[in-house]
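Engineer: Residues per chain, in single letters:
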Amino acid sequence: MKLTEEEKMSEKTLDAELVTQAQQGKMSAFELLVNRYQQRVANVISKFVKDRHEIQDVAQEVFIKVFRALPNFRGDSSFYTWIYRIAVNTSKNHLVSRSRRIQNTQVEFEDAESFNTNEDQRNLDTPDAVYARGELEQTMSKAISMLPEDLKAAIVLREVDGLSYDEIAVKMDCPIGTVRSRIFRARDAIDQALRPLLQDESKRKQNVR
Amino acid sequence: MSDKSNQNISELMDGELSSDCSRFLLKRMQSDDALKGSWNHYHMLRSCLQKEHSAPLLHDLGAAVVSQLNNSKVANMSHEKSPKRFLKAFSGMAIAASVALVAVFSFNNLNQFESPSNNMVFAKTSKQLINPPNASVVRVEQPANYSRYPSLTPQVQQYINDSNTSLTIPVYYNTDYVNSVIIQRQLNSTQIPADE
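Chains Z and Y, in that order, are what the protein sequence lines are.
Heads up: the first sequence begins at 146 in the numbering used here, then just goes up one per residue.
Heads up: the second sequence begins at 67 in the numbering used here, then just goes up one per residue.
Bound conformation, chain Y alone (with noise of 0.2 Å):
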């Protein structure tokens, strides 16, 4: 650091300098520490001979300001980039997918349980829900409502259609019942004619 630098660096700061040079002493200050500390000192020698010090003298507050502005900046950029972040909004997105989809879904069945059923045994209070009535099985009958998803195919349809005419399992049953009604139909498949 030369002495020439520093007294630029005092007429710098009493705008007695130059704008060509400012400019390129300004860029130098920037990344030279010496000069730096001059252009610090001179000024709190300026605070000094003004009396300009009611407040206790500061020295180099602005290296503790840019660190902070830094360390904020850093936090802000992880934390911007954090994972958790990511999974966090994800996770929320998908919760929200998925209640969505639960009352779509209970919706089109309460709708179903409207619909008459034969043979089946509903539950018609709280009370017979917990405790079902005198029927050893308490299904929900889950028809195929094909006017709703007029989008699919005869396939599809079909499967539907074929599913709903099989056994269903019922939501309240007892293994006892279950049990029984599959040995019978064994039992009716392998029955011999009595003709026979």
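Pulled out of the complex, with its shape left as it was, chain Z reads as follows (with noise of 0.2 Å):
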């Protein structure tokens, strides 16, 4: 059944719905919109602290400080843009405390998103950090390159192209249902090989606490 853009709930929708929760003091939204952010954050402020564990502290501080401001958050700007700017400010103020010089100190809404032009802060992860990355990532590329073809070209147009499902119905000569049920399987393969690795990751987690 094809859904009218009326009917479906929206990215930013969605957003909306877990920060409206959230500021109703509902945690778990909170959590879900936590997890659904980390990466992106963590991404912004790696552009600004190098070292692992801190990029982890500091991006714990930064959904506090998210969680804070959340009665202030009016939805004027999307919700991301709005963590981002906090992400930013919390990374510096955590450079300044720690006296630290800031290499880039202008960094752009672009190159903060942008994996590739900053290739030489890749190299100045850990180790332990570059073989877990590794690990991971091989174990991704195994699973999505032993995925059907269908699959493989419904996720790669979804997460890489950034297409919507009508699109990708268009492009693949296919009804939106099959495109939602191909995704969702592609999506459950990859999980079902990486979740050992992340059971592993969170059992380790756990014992080091």
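Interface residues of chain Z toward chain Y, partial, derived using beta-carbon atoms under 8 Å:
1. 171
2. 305
3. 343
Pairwise CB distance ranges (calculated):
4. Y:160 - Z:195: 51 to 57 Å
5. Y:157 - Z:195: 48 to 54 Å
6. Z:152 - Y:71: 17 to 23 Å
Because the hints were derived from the structure by calculation, they are not lab data.
Heads up, the beta-carbon is just placed ideally off N, CA and C, and yes, glycines get one too.
Bring the two chains, given one by one in their own frames, into a single complex with the hints.
Structural biologist: Laid out in structure tokens, this is it:
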């Protein structure tokens, strides 16, 4: 069944819904928001802070500030634009508090979003992080390569090219229901491949704590 | 957890699920850890596929953030309810009230020092305060000043008057003098007239 745009809950509306619930004090709604934006926020922070443990600490600080500032969020800008500003300010404050020199005094929105423009900073990761990321990427690449062609095409068109379901349906010449199913099956297959790794990571974190 | 729910999550994060279903699913996700896990993993997949991870990949930061927020809430609440805090405030108020009371009485006493008194020896210098002058007793006179307390009842005024005229306990005294005064008074009261 094809839904009209009015019937769908757009990503922006989804954010607004979660924000409203979080403003009402629903912590579980805020948890979903954090997990939705954690990686994008961490990427912004990594432009200022190099140490991976510090990145995680600053990311946590950013989201705590976000939660406390939620009553002031009126939705004039998108939720991500708002937390982006908080992330930049928190990162700079973190550097000032540590009396560190800010290497990139002016990081543009697009630069902070772009991974490829900061190749040099990738090399600053610890070997541990590189290994962990490598293992995750390898597992994911392997899982994607093992996907049937129709699932692989659907997930790449969605996540890499950013096409809507309608556009993918046109491109793949199939009903929109099939697109829904293919994208989900692709995600599920990759998720199944990654779960053991993520569970190991969770156990390792619990042991460290 | 059904595949249908996970498919709905997949559609929800793409903005392709109906509003009604989305709201229902959001509610369910908040109380279902398995669905929450799928939400987390699908977003992580997105980050990986979009090469969106110049930072180390974060996994379930939300749980850590919410835990920290809850802890700080609990800490704040316990801090607010702490009896120590109440006692601290109460003791502060008590100290302030005591200081004010002492200040009021000191002011009154200072005024009373200015009034002359019969048969009294007053310390005039700081040295005399430490080493009283050649008198056995140095006392601070505390005459009743009725005009300051117009609201006092006649009975209270009478009491103050009586107590003011009776023998007062000196501020600086020696026990020999007090004892001799007391003995003298006892002798006077029991003395038999000479003509008897």
